[in-house]
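A.B. asks: Chains as they are written, first to last, in our numbering: chain A, 955 to 1231; chain B, 9 to 462.
Rather than coming from a laboratory, the hints here were simulated on the basis of the structure.
Careful: at least some of the hints might be erroneous.
What the hints assert, rightly or not - In silico negatives: residues of chain A with every beta carbon more than 10 Å from chain B:
id: 1; residue: E999
id: 2; residue: A1011
id: 3; residue: V1041
What the hints assert, rightly or not - With a straight-line cut-off of 16 Å between C-alpha atoms, the simulated EDC-like cross-links for lysine to aspartate or glutamate are:
id: 4; chain 1: B; residue 1: K177; chain 2: A; residue 2: E996
id: 5; chain 1: A; residue 1: K1189; chain 2: B; residue 2: D417
id: 6; chain 1: B; residue 1: K177; chain 2: A; residue 2: D1114
For each residue, glycine too, the CB sits at the ideal point set by N, CA and C.
Next come the chains, spelled out residue by residue.
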Amino acid sequence: MKTFEIVRKRALSPNTISYELYAPLVAAACQSGQFVILRVDEDGERVPFTVADYDRAAGTVTVIVQTVGATTYKLSKMEQGGVLADVVGPLGKPTDLGDAQNVILVGGGIGSAVIYPQAAALKNAGRRVSVILGAKTKELVINEEGFAARSDRLIITTDDGSYGRKGFVTDALKELLDEGGYDAVFAVGPLPMMRAVCRLTGGYGVKTIVSMNSVMVDGTGMCGCCRVTVGGKIKYACVDGPEFDGSLVDFDEAIARSLVYRQAEQEHYCRLTGGKR
Amino acid sequence: MKDEFFANAPRVRDAAERIKDFKEVCLGFDAESARAEATRCLGCKNAPCVAGCPVGVKIPAFISLIKSGDIQGAKRTILMDNSLPAVCGRVCPQETQCESACVRGKASRPVSIGLLERLAADNADARPAPAPSNGKRAAVIGSGPAGLSFAGELAANGVEVTVFEAFHKFGGVLVYGIPEFRLPKSLVAKETEALSRLGVRFVKDAVIGKSIMPAQLVKEYDAVFIGTGAGLPMFMGIPGENLNGVFSANEYLTRVNLMRAYDTNADTPVFRAKKAVIVGAGNVAMDSARTALRMGADVTVVYRRGREEMPARREEIKHAEEEGVRFELLTNPVAVNGENGFVKSVTVISMRLGEPDASGRRSPVPVEGSEREIECDMLIMALGTSPNPLLVSAFEGLATGRKGVITVDENGMTNVENVYAGGDAVTGSSTVISAMGQGKRAARAFLKKIKLVP
C-alpha cells in the first residue's frame, strides 16, 4: 500500500464521501476529536478534516468530506487506489468530555461524521449517549445505522421534514434538556447551528463543547489564520482546539472570519468545474 | 541596471520590471565583475571577516581561488564550513557580519563577500563526498537552516541522519518565509537534494510531538537535534485585529511562498488587497511589503521607531523603496477599523524616541493627540515571532527559558542527554546563518562526543 493512498472510497449521500486513507503515522497516534490536514495534489491547498475513524492495525484513518468547493471537488474526482499528495496529523487536541455520564451529541450536516467516534467511545465507556442528527433532507442523513447501534436514544431532524422530525436540531435538543439529567452536550456542525445550540444550552447551564472548523494553513500554530476569540482571549483552533467550551466562543466573529476567502474560492471552483455548480 | 552601492555592480533587475513578477531581483555578479571584485580582497592574514562569520567560512581563501578563476575550488572551500552557500550568499546580513569586519571597508567599501560566495555557489557543482556509515544515527526535527546544517555536517562524517519536517516541503523558513524573488525555491530544493545524495533521509508530513513523540526519537537515535524555529506569530493586541484582512506575516508569506498562491494553478487562496499596510520594519516586514506589492497592492510600511532603527537588511529596505513601498516611520497602529467584518482602515499614532531601553535602542513613546487614520483593506503584522510550544510541550523534562526558548549549553546541548537544539528555537529570533552556525556547533559537539573528530 502506498502512503496516503485512498484505500476505500464510499458515497454516504449524494455529496458526502467517506475516504479511508493509508497514513500509518497518523493512525498510530490519533485520538477522536483530532484532525488531519490533507493536500490532494501538488497544486493543492492544505485543508483540515476531523478524523471520523481510525484503524491502528491497518494504518488507516477515515475522513468524511462534503463536496462543496474546489479542493473537495478535486478530491471527489480521485478514485480508490489513488494517492493524495499529503496527509499530516494527528493535529489539535483530543476531545475531552471529562467524566460526563449522560451526554447529548448533536451533529448537524457533515458534523455528524465528527461526533460518531465520540458516540462509539462514550458507549464503550458505559456512558449514556443521546444523539441528535440534523440534515437538510432525508438523503443527507449520515450513518443512521452506526449511530443507532451506538446510542441509547437517536433523534433525527430534517429541515424539510422528509425524514424524522421536521425542524432543527435545537427543537429536539430543547425537549431533551427540558427532561433534565444531562451533564454535557457535544455539538458539531455549521457555525450558526453551534451558536444556536450554545445559546440554548446556556440557559440550562449544561456544559457544551463545540468543534471549530476554522480556515487553516499549517495546523501547527504558526500562521494564526484559525484564531478564534474564546472567553475574550485569542486562541488558535489548530493547537488550542479544535474543541472549545461553546459558551465562551465568539461565534459572530467566527462566522465573519469564515467568509474571508469565500469570493476567491468560488472563482477558483468555477474555473475547475467550468462554471457549473 | 548599475547599482551605486557597488563599484563592481551585481546585475539587479529594474524596479519597474521586477515588481510584475516573482522572479529573482538580484542576479548576482557576472564572471568579470566577480574577478574584479575578488582582486579587491587584501587577503589579510588575521582575516577579521572570518571572525565575523557565524560558521567561519575561510573567506580570503575562497576569494583568492575566484581571483585565479578556480570557481570549483572556491565552492569546495566554502562547503568545508557552510553547507548552504547559495542560500547564504543571498540572505545573509553581510553588512553586519563578514563585510562589517572587512579592512577595505575602513577606507572605502568592504569587499562584496556575499555576492562572491553566491557566484561560487551558483557556478560550480562541487559537493561534499558521501562518507561510509559509522553506524551512528541522528534525528533532526525541522528542516530549516539549523537542521539542514546539523544534518549536512553529520552526514559528511558518516552519521545516518533522518530529518523530520511538519510541512510538505523541506527548507523551513527558506521555503515558507523568504519569498521567491529573494531566494528561488528551486535553489533550496537543490540543496536538500544534495543532502539526500549525502545519505540524509527526509520525512515530510511528520509533526514531532503529534505524529511521533520526541521520547521515541530519543530512544531510537544516538542524537536528536531540535531545529523547530520560532514559528508563533505575534499580534499587537489592539481592537479590530481579528477583522478579515488582518494577517500575520507568517500566514501571508506562507500562502504566497509555500502554497504558491501567486500562481493561478494553485488552489490556495490569498487576499488580494488594493491598499496594504505592513506593521514592522524587519526583513519579514520587507518581504511582506514587496510580496503584497507584487500581488497588486499599494503598500505602506508603518514602524514605531525611526529609519536608523529599522532592523531589516539595508539592501531589502533599498529594494523596497525602489519598488515604490512607502514608509511611515515613528508611527504605530492603535486600532483596526472595519466594515462588514473586513478591514477598512487603521488608526495610527505618531511616536517620538525617548530614553534607550534594555536593548540599547531608544524606546518609542506615543505623541498624545496625534492619531490619524490610514485607509487600507489589508493589514499585515510583521512584529516578530516566538518559539512554537508544540514540540516543547510534548517533550517531557526539556528545559526552557524566557518566552519558551530551549535552554542549551555552549555546545548546543539541552539538559536532556544527546538532545541538541539550535536556531530560532534557541535564540527566539535571529538570522539564517546564525541558525546554521548553531546547527554546525551542535554537530561538531556530537562528533567530538562520539570521538569521530578530535
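A.B. asks: Does each hint fit the structure? Answer for all of them.
C.D. replies: Taking the hints in turn, this is what the structure says about them:
no. : hint               : verdict
1   : E999               : 4 Å, violated
2   : A1011              : 18 Å, holds
3   : V1041              : 7 Å, violated
4   : B:K177 <-> A:E996  : 11 Å, holds
5   : A:K1189 <-> B:D417 : 33 Å, violated
6   : B:K177 <-> A:D1114 : 46 Å, violated
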